[in-house]
Amino acid sequence: MNTVLSRANSLFAFSLSVMAALTLGCFVTTAFKDRCVPVQLQVSRILLKNIEDFTGPRRRSDLGLLTFHITADLEKTFDWNVKQLFLYLSAEYSTKYNAVNQVVLWDKIVLRGDNPKLQVKDIKTKYFFFDDGNGLKGNPNVTLTLSWNVVPIAGILPLVTGSGHVSVPFPDAYDIMKTY
Amino acid sequence: MLSLDFLDDVRRMNKRQLYYQVLNFGMIVSSALMIWKGLMVITGSESPIVVVLSGSMEPAFHRGDLLFLTNRVDDPIRVGEIVVFRIEGREIPIVHRVLKIHEKQNGHIKFLTKGDNNAVDDRGLYKQGQHWLEKKDVVGRARGMQCSFCWDCSCWSIGSKKLASLPLEQCRSFCYRTFGVASGL
Chain A
1 MNTVLSRANS LFAFSLSVMA ALTLGCFVTT AFKDRCVPVQ LQVSRILLKN IEDFTGPRRR
61 SDLGLLTFHI TADLEKTFDW NVKQLFLYLS AEYSTKYNAV NQVVLWDKIV LRGDNPKLQV
121 KDIKTKYFFF DDGNGLKGNP NVTLTLSWNV VPIAGILPLV TGSGHVSVPF PDAYDIMKTY
Chain B
1 MLSLDFLDDV RRMNKRQLYY QVLNFGMIVS SALMIWKGLM VITGSESPIV VVLSGSMEPA
61 FHRGDLLFLT NRVDDPIRVG EIVVFRIEGR EIPIVHRVLK IHEKQNGHIK FLTKGDNNAV
121 DDRGLYKQGQ HWLEKKDVVG RARGMQCSFC WDCSCWSIGS KKLASLPLEQ CRSFCYRTFG
181 VASGL
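Going down the list, the sequences are from chains A and B.
Reminder that position 142 of the first sequence reads as 142 in the working numbering, one-by-one numbering, no gaps.
Reminder that position 51 of the second sequence reads as 51 in the working numbering, one-by-one numbering, no gaps.
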């Protein structure tokens, strides 16, 4: 320990080990935490159209237009190891051609420090709800759930589904009005 | 300051000690390689640890963050998961989130991805005429991450992609092959 270089070297090595230990501590203390919270979901309006899928394969497909409300208190999921929560509302249903379909309708990023109480009313889908074909017409069971991806500072990236979902049947007929 | 004492040490060693040192060095290198390959087998992914290169997944992942991937084929792909995938014809994989999936009865899945920080989905990035990704395009799924302290690896900043300088491209493909780095666009 008699040169600047060797002192700098041991200081650097020590700080690396300390940071590694801190990171491990961050990860281990929050790895097994239950991050599920109750969620209230309501769908207020459903419209079904059948138009050409301009977002992808240019084919006439069913388009669902929904208006919904979400209420959730996410305070419990935040702790010292959570950088942000990526919330997403997904619709899951099954059709004649596809056994499992999942479409993300809306998403939101909640950073640590933002208001953890989520309350959105009368919002429309952020992404177009096109089906791969015409499977939404008369579909008896389309389930909407709010899930979130917990993004830590260091550790596992779990996907947690909120407890509380809503299942809605889709109308049997297409809406021919131009407005939504 | 920088003294070359160790060269004197080497000169003082006899042949046996020299061989021992060489073997020691070889052991260290092969242990590192074994650990890396072992990780590849355990996770099932061809690159179990990747480095995020671009800001298309901000604020979740910044440039320089490490991602730990697994690639269990029997684990079905579901929306919200972060997948690292490679587009045909492009060498550098992309880290984005799954937006839509359609799975048939026989297990065949086609899915669409989007970067959190991008305004539109990734169809503009896929090959001409390609609308969906499939399981074969997936390199792995991000299961854990480590926030990095080195932001803005300026050597790989995506901004320079527009200049399309040849040495930068070669540098990037070399780094991908050796260390396993993942980009986002």
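None of these hints come from the bench; they were simulated from the model.
For each residue, glycine too, the CB sits at the ideal point set by N, CA and C.
It is possible that part of the hints are untrue.
Computed footprint of chain B on chain A, listed as stretches where at least three residues anywhere in the stretch have a Cβ under 8 Å from a Cβ of chain B [stated by the list, open to error]:
id, region
1, 54 to 62
2, 85 to 96
3, 154 to 162
Evaluation of the provided hints:
1. 54 to 62: holds (count 3)
2. 85 to 96: That given contact holds, which follows from 3 residues of the region 85 to 96 of chain A lying within Cβ reach (below 8 Å) of chain B.
3. 154 to 162: It holds: at least three residues are needed, and the region 154 to 162 of chain A offers 5 whose Cβ sits within less than 8 Å of chain B.
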